[in-house]
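Asker: The primary structure of each chain is shown beneath.
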Amino acid sequence: MSAETRKYFNTAAGGFVLALTTFVAFIGLWEGAVRLFDVPKIILPPPTSIAVAFWSMLQGGELPWHTAVTLYEILLGFLLGALGGLLLGFGIALSPLSERIFYPYVVAFQTVPKVAIAPIIVIWFGYGVTSKVIITATIAFFPLLANAIMGLRAAPQDQVEMMETYTASRWQVFQLVRLPQALPYIFVGLDVAIVLSVIGAIVGEFVGSKAGLGYLILQKNFNFDMAGTFAVLIVLSLIGVGVHALISFVQRRIVFWIDVSGERVTGA
Amino acid sequence: MYQPNAGLSRMSGADRRLVRISNLEKKYQTRDGKAIHALADVNLDIEEGEFVSIVGPSGCGKTTLLKILTGVLSRSSGDILIAGSRLSGPSREIGVVFQAPVLLPWRTVIENVMVPIQVQKRDRAEFESRARRLLAMVGLAGFEDKYPSELSGGMQQRVGICRALVHDPSFLLMDEPFGALDAMTRETMNEELQRIWQESKKTVLLVTHSIPEAVYLADRVIVMTPRPGRIVEVIKVDLPRPRVLAMHNTAEFGKYVSAIRRHFNSAGKLDA
Chain A
1 MSAETRKYFN TAAGGFVLAL TTFVAFIGLW EGAVRLFDVP KIILPPPTSI AVAFWSMLQG
61 GELPWHTAVT LYEILLGFLL GALGGLLLGF GIALSPLSER IFYPYVVAFQ TVPKVAIAPI
121 IVIWFGYGVT SKVIITATIA FFPLLANAIM GLRAAPQDQV EMMETYTASR WQVFQLVRLP
181 QALPYIFVGL DVAIVLSVIG AIVGEFVGSK AGLGYLILQK NFNFDMAGTF AVLIVLSLIG
241 VGVHALISFV QRRIVFWIDV SGERVTGA
Chain B
269 MYQPNAGLSR MSGADRRLVR ISNLEKKYQT RDGKAIHALA DVNLDIEEGE FVSIVGPSGC
329 GKTTLLKILT GVLSRSSGDI LIAGSRLSGP SREIGVVFQA PVLLPWRTVI ENVMVPIQVQ
389 KRDRAEFESR ARRLLAMVGL AGFEDKYPSE LSGGMQQRVG ICRALVHDPS FLLMDEPFGA
449 LDAMTRETMN EELQRIWQES KKTVLLVTHS IPEAVYLADR VIVMTPRPGR IVEVIKVDLP
509 RPRVLAMHNT AEFGKYVSAI RRHFNSAGKL DA
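Keeping their order, the protein sequence lines are chains A and B.
If you count by the numbering used here, then the first sequence holds residues 1 to 268, one letter each, in order.
If you count by the numbering used here, then the second sequence holds residues 269 to 540, one letter each, in order.
One thing to keep in mind: the hints can contain errors.
Covered stretches of chain A (chain B as the covering partner; in silico rule of three or more C-beta atoms under 8 Å from a C-beta of chain B) [unchecked claim]:
#: 1; segment: 157 to 166
#: 2; segment: 174 to 188
Restraint ranges, calculated between C-beta atoms of paired labels, are given here [what the hints assert, rightly or not]:
#: 3; chain 1: B; residue 1: E418; chain 2: A; residue 2: F222; range: 56 to 62 Å
#: 4; chain 1: A; residue 1: L18; chain 2: B; residue 2: E460; range: 46 to 52 Å
#: 5; chain 1: A; residue 1: P104; chain 2: B; residue 2: R392; range: 55 to 61 Å
#: 6; chain 1: A; residue 1: S2; chain 2: B; residue 2: T456; range: 43 to 49 Å
#: 7; chain 1: A; residue 1: Q157; chain 2: B; residue 2: Q388; range: 37 to 43 Å
#: 8; chain 1: B; residue 1: G407; chain 2: A; residue 2: P156; range: 24 to 30 Å
Hints are computed from structural coordinates only; laboratory data are not their basis.
Just so it is clear, CB atoms sit at the ideal spot from N, CA and C, and this is done for glycine as well.
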């Protein structure tokens, strides 16, 4: 590859062209292999029949409805879990007493796999969206808790001392140094939590539900509709990529000073 | 520009003393229970407008002394008066320049300089024009809206100096402010600091590792030795003002340097 080509692929437009080419080649290879070796549709459907299934599910309103249900569960669960994790994290980081009271339970709770308690939550809160929101919230909770605690303790001692010599109060040190220093950590937590939230909602739907993409996957699988299952998987990965991109977008705007140095390293 | 009496003119009556440190002691225990005698019977008066340097090897307590003066570290016993009032914690009368610039990376240059104003809830508009004047004075006009990561180490330290001066404190404390800079930048910064001091008429206490830097800048050099940290000699520097870098090569300058270095021949830990 010539130096010019390599340089082009490093630009935004070049990166897009590269990704698109790879994608088209991959899909072409898949389609060709399935047709060439005559793979049964029930094992691996070709991309064309996945596209047909996707289109008909979209037209029938089936896909939009279940997508809306799952998105609702993901976003609401994420918001509640993240907010709870943040609040408790702030409390623990700022008060040694609350750390001694709550932290042992938090750790004990975290060691329990959330997937294992999903059936209990479905029994307690029913087959509707509430149980999925709660399962998602329990999963989104911990990344924010851990990162908020770590972030609030990450402020360098010299910055804190600098503020103190200028007669800053404890609250001013928190507001002007500890909080901004915690933001990069909090965004790492948000990113982890939102991706886990997608898993949480689907797991909840697998355990017992009347709607949602997880429910749809089970239904399609039950009917040996592999093309339909794959179509749902596409929507799920689009959701995952979308929510991750949303967090990154906000992150770049809010913790811009981390990005600036990052760009300098790669841009050099 | 030769002014033989420039240094002497500052010497006058006791009423000009801005800082009075008497019988200062600092003892503390390390985590493994060892008792450290960091400062022993430190007595020092600093006149208004005076430039005082403290030199000494690592562990002589000079940074401890400075931290006690900034108010973030408590003293074991003794008295400190600044502008007539007893020091008990951080004071608005003090501006501090640290070893590292310690700028907040999410704030622009001007916002960093304004930190003391914001913390002390002073009039923003009034002090912002002062902050801009200070930045212009250190040659950073036009850099007000840049972020610290876009500045060189020397420029960042100059921002730190402006931040220490913005709230118009009467006493400027500097803790090895140029230790991290290369030799060339350091000399430039020394020249600049002398100019800033002459223009702002502040009282300055500079802690440094470098004997030539101490001599070049100070009216008096305080020599400290470790275990326990105490003042062993106070040397008055009678070199004319304003001082120029070429003075480093004069015999008189060399006499001051060797008079100070003599204290450390056994320790041998000090910079050239």
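Asker: Are the hints correct? Go through all of them and say.
Answerer: To see whether the hints hold, each was checked on the structure:
1. 157 to 166: holds (count 8)
2. 174 to 188: holds (count 3)
3. B/E418 to A/F222: 56 to 62 Å: Cβ of B/E418 to Cβ of A/F222: about 60 Å, so the range 56 to 62 Å holds.
4. A/L18 to B/E460: 46 to 52 Å: 50 Å, holds
5. A/P104 to B/R392: 55 to 61 Å: 46 Å, violated
6. A/S2 to B/T456: 43 to 49 Å: Given a distance of about 45 Å, which is inside 43 to 49 Å, the answer is holds.
7. A/Q157 to B/Q388: 37 to 43 Å: 22 Å, violated
8. B/G407 to A/P156: 24 to 30 Å: 27 Å, holds
Hints 5 and 7 from the earlier list are contradicted by this structure; the remaining hints agree with it.
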